[in-house]
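Participant: Fit chain B to the given chain A structure using the hints.
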Amino acid sequence: MLDDGLSPMAGGTDLLVPGRKAAGRGVALLEGLPGLDGVAMTAQGLRLGALASLAALERHPVIRERLPVLAQAIACLGSPLIRNMGTMGGNLVTASPAGDTLPALLVLEAVVELASRDGRRHLPVAEFLLGPGRTALGPGEIVAAVRIALPPPGASQHFEKVGRRDALAIAVASLAALIVRDEAGRVVEARLAVGSLAPTARRCPSAEAALPGRRLDREALLEAGRRIRDEISPKGDLRATAAYRREMAGRLPLRLLTLA
Amino acid sequence: MDADRDKGASPGAPRVDALDKACGRQRYAADETPPGCLLAGVKRAGIPHGRIVRLDTAAARAVPGVVTVLTRADVPGTNRQGIVHKDQPVLCGQRVRHHGDPVALVVAENKDALAAGLAAVEVAFEALPAVFDPEEALSPNAPLVHPDREGGNLLAHGLMEKGDAESALAGCDVVVAGRFATPAQDHVSLEPPNGLARLAPSGRLTMVVSTQAPFRDRFEIAQALGLDPQRIRIRAPYLGGGFGGKDGATVQCLLALAALRLPGRWIKMAWSREETFLAGYKRHAAVMDIRLGARADGTLEAIACAMCFDAGPYAHLSGEIMELGMEHAGGPYRIPHVRIEGSCAYTNNPVGGAFRGFGVVQACFAVERAMDMLARRLGRAPESLRLQNALRPGETSAVGVAAEPGTDVAACLNAALAHPLWTGREAWKQAAPAFTRRGVGLVAVQNAMGYGRGLPDHATAKLELTRQGTFRLYNSVPDMGQGNAAAFVAMAAQALGQPEAAVACVQPDTAACPPAGSSSASRTVYTFGNALLRACRTMAEKLRNRAALALLCDTPDRLVLTPGGVSDPATGRFVPLSVLAGFLIRDDRICIDQFVMPVVENPPDTGREFKLGFPHRYFTYGACLCGVEADELTGRVRLVQCLLTVACGKVFTLAGVEQQLAGAAAQGAGLALFEELALEGGRIRAGDLSTYLIPTSLDLPDIDCLPLPDDEPSGPLGIKGMGEVGIHGPGPAVAQALFDAVGLDAASLPITPEVVLAALEELTP
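Taken in order, these protein sequences are the chains called A and B. Residues 1 to 260 in full-length UniProt numbering are what the first sequence lists, from first letter to last. Residues 1 to 765 in full-length UniProt numbering are what the second sequence lists, from first letter to last.
Just chain A, same shape as in the assembly:
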């Protein structure tokens, strides 16, 4: 079916919206294909089937417990209706710069499992996302799953979406963070990713590098924020100007001060 030019559909909450204007676009429903649904524990961590609904993932006890950054990101995506229909795979393939789960997947260093009739391959999310609406999906290839290694139990996780309202909002900016600290409270490892501030959701390596060895204090976080400003390339749109996005992006890491 994919050879016939049909678009694979996994929920349709994004795919079908332009369809109101471009009538007659064909879709191939992925539901019913084996191995695309559900959440499985593996030796390496969790495997989230591409067709797992966002609502199911949000409710999943292991995700809530061990991947709160993802659970929080999903909780602010769309509305309950959209989370019931929308899927992990769909959010990835849409590859919106504002995709709510993407910064969370980036800090979790999730790996995308791609499948085609030629077999399977694996790509880190950062390599899967190429640009607005563009991914590394090859012809005849679909996203089968997302694989996530469980982070260390003591890691702090944080997600914040800044939208113009509290539901059914496209992110103006978002920040995902995963911070590992030692017993003295000093940062051992910091992973930061942002959404809606560049052509794709992206990690901020320079900002991350500002944190190891330091406590998560105001100075350190402001420094990370300054570096985020240098790493992003925000655009202005109806939701916010580029200048506002840049200013606000540099402030968002301060929220980590409220981490326990």
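A portion of the hints provided could be inaccurate.
Claimed, not checked - Sample of chain B residues with no beta-carbon within 12 Å of chain A, all distances over it, derived: (1) A30; (2) D31; (3) S167; (4) C172; (5) A410; (6) L421; (7) A434; (8) L551; (9) Q659.
Claimed, not checked - Mimicking EDC-like on lysine to aspartate or glutamate, the simulated pairs with C-alpha atoms at most 20 Å apart in a straight line are: (10) B/K542 - B/D554; (11) B/K542 - B/D557; (12) A/K235 - B/D702; (13) B/K86 - B/D228; (14) A/K235 - B/E680; (15) B/K429 - B/D702.
To be verified - Going by beta-carbon spacing under 8 Å, a handful of chain A positions derived as facing chain B: (16) R47; (17) Y244; (18) R246.
Think of the hints as simulated: they come from the structure by calculation, not from any bench. Keep in mind that this is a model prediction, so the values were computed, not measured. Quick reminder that beta carbons are idealized off the backbone N, C-alpha and C, glycines included.
Facilitator: What follows is chain B alone, placed relative to chain A:
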């Protein structure tokens, strides 16, 4: 009857339309699609101002499934629709004046053919210079929206004066001056404009329309298309929201035109959400310059206010909306010297029209913000300055009309000041979580009821006793969701001593119901309710008299209506209504009565430009408290507390009052913090619901509503209108609260995170 006046509807009972709506059983105009119905759609301009140089419909006509394509040449009559001023073409012939202007009407057998037909209409324009700023539109060299019109782009101008504002301002101890702006707003009714039409072989045109004004629509259609209004029948089922956006023709004239050209066929038109943004009416954007002067002790002395409204290219009710805005520009305050000037300018923006709050939203934001400025200048608390100057019964309003007796605005403010949200505000602010600043604002609001002098605010009510002994009331004022139909059923049931289930309600139908004014102006339950109660009294008296014959009772006044019949308390005897009804011919089973709202008896000698609608006699007052949280990192503002206190006469159904207040406040909160059409060159950039953001349930707090004890003796069961008063508060109250929270002094709406973040940066450089 006096005991009845104190009785509200049975508390806790759901309104009569609740179950059908909750179950999806209620039929709206959009639900009616007769078999074989054709679909009509409109080709729209897509440019703000231009001359049509070519319009070719041949390709569109050739599309399979397209039945006809109509243009200006097919329009009989004046081709001009409008409520008071008739200047809006049904189909544009030579010139388009905004992006949504209609140039061709396509009728097709199905959706796909309609879409293909619309796409195949070939139209070419010569672009004309356009004007998008109402003040620029009034400058001498501005492009003219209606070139042949005397007066150019100045659609309407008016002056309301009392005393000598200029001299008084010169003598004031303090004068503050500010320029305030409020934006255009879309109604976002759940049900977009739609309807159905058919021309019968008899020549009668039948329509089913989602409309607030079925009786007046007949005249608007007849005028535009050269028809006899008496040959037009319009039904108005329950509306899925209106808010003013369906007060005035939307689909009506286009549908009627299609029906004229395709006799015998049912034709349906239903605007999409996007088309509703593009072509529907909007709240007028306005700019207001205010100078407000007071004595050092805070006593208000004078106000000068100039209001400029952006009408878009057609009049609709712009002049009337400006009038009401001007009448409210002095706020609910005692000000001896007043000069309020209003202008409405034609522009090439979307068409301005009626919207809940009708000019008052704009005026209220400006005057309340000016009061805040004055309070600050005087070193006074905003609420104490308002209380000091609050208009009391018997005193003359800013435009010189004596305030009616009843609960006043000071009482509304005092009730808010006594509320825990106010008394506990300092503790609440101090308990703000990290990175959050809290603030509280409190403003005073008012809203006139009815059409005002010059235009009779009338309604006629018809009540029928059925042969089965139940009642049928003929509602003549559409229920757009505000609950008037349910209130009418409850009122009639109470007045006739029957359970609500014994009173059926026929929705407006010009062929079955006697005429009434539109569903608008906070007038619906007041005016129609009065007419209905009169009809109920006549009916009850009739039934007592007829029952007296059956019960052999020579003093009918002692008889009482009880569920299902008429009883004689003296004898315990009872005659069923079904038996009584059987003895009455139909004419005898019907009672019709009417009511016209009283007007100001000695109107002040000002506002002479306004033949219709000035001044108003009855006002509903209120106060609105808003508590906000501003996020220090993002500038996002959340409305987390909202209290409305109102004086709206007696409360007939508390749930009904609360629903109207909360809904209005939500719409006001949208205007304050979210909604923005993002106009650019007359084009709406935020033209759908993914970009034009209205608040969701997560963005609104539970809204506390506190109606105060009050009574309006002229109202049915003591009520006053209150469908609009709740919308005014959130804008200025949120602005005041944000000054409290972060020192932002907002002069325009909506207040965006960007503006708030900039204010925060000034606080913490």
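Participant: Sort out whether B/E680 lies within 20 Å of A/K235, counting only the CA atoms.
Facilitator: With Cα atoms ~18 Å apart, A/K235 and B/E680 stay inside 20 Å; holds.
Participant: Does the structure keep B/K542 and B/D554 at a Cα separation of 20 Å or less?
Facilitator: holds, 14 Å
Participant: Given the hint that B/K86 pairs with B/D228, does the C-alpha gap stay at or below 20 Å?
Facilitator: OK: B/K86 and B/D228 at ~17 Å, within 20 Å.
Participant: Need the status of pair A/K235, B/D702: alpha-carbon distance at most 20 Å?
Facilitator: Violated: A/K235 and B/D702 sit about 35 Å apart, past 20 Å.
Participant: Against chain B, run the beta carbon of A/Y244 and see if the smallest gap drops under 8 Å.
Facilitator: holds, 4 Å
Participant: What's the verdict on B/K542 and B/D557, does the C-alpha distance respect the 20 Å limit or exceed it?
Facilitator: The hint holds at about 11 Å.
Participant: Please check whether A/R246 passes as an interface residue: C-beta within 8 Å of a C-beta belonging to chain B.
Facilitator: Result: violated, 11 Å to nearest chain B Cβ.
Participant: Could you check that no beta carbon of chain A comes within 12 Å of the beta carbon of B/C172?
Facilitator: Given a closest Cβ separation of 40 Å, the condition holds.
Participant: Would you check whether the claim that B/A30 is not at the interface survives, using Cβ distances to chain A and the 12 Å cut-off?
Facilitator: holds, 17 Å
Participant: Taking the minimum C-beta separation from B/Q659 to chain A, is that value above 12 Å?
Facilitator: holds, 22 Å
Participant: B/L421 clear of chain A by more than 12 Å, beta carbon to beta carbon?
Facilitator: Given that every Cβ of chain A is farther than 12 Å from that of B/L421, nearest at about 21 Å, it holds.
Participant: Just double-check B/A410 for me: nearest Cβ-Cβ distance to chain A has to come out over 12 Å.
Facilitator: holds, 35 Å
Figure legend: structure checked against the earlier numbered hints; hints not met, in rising order: 7, 12, 16 and 18.
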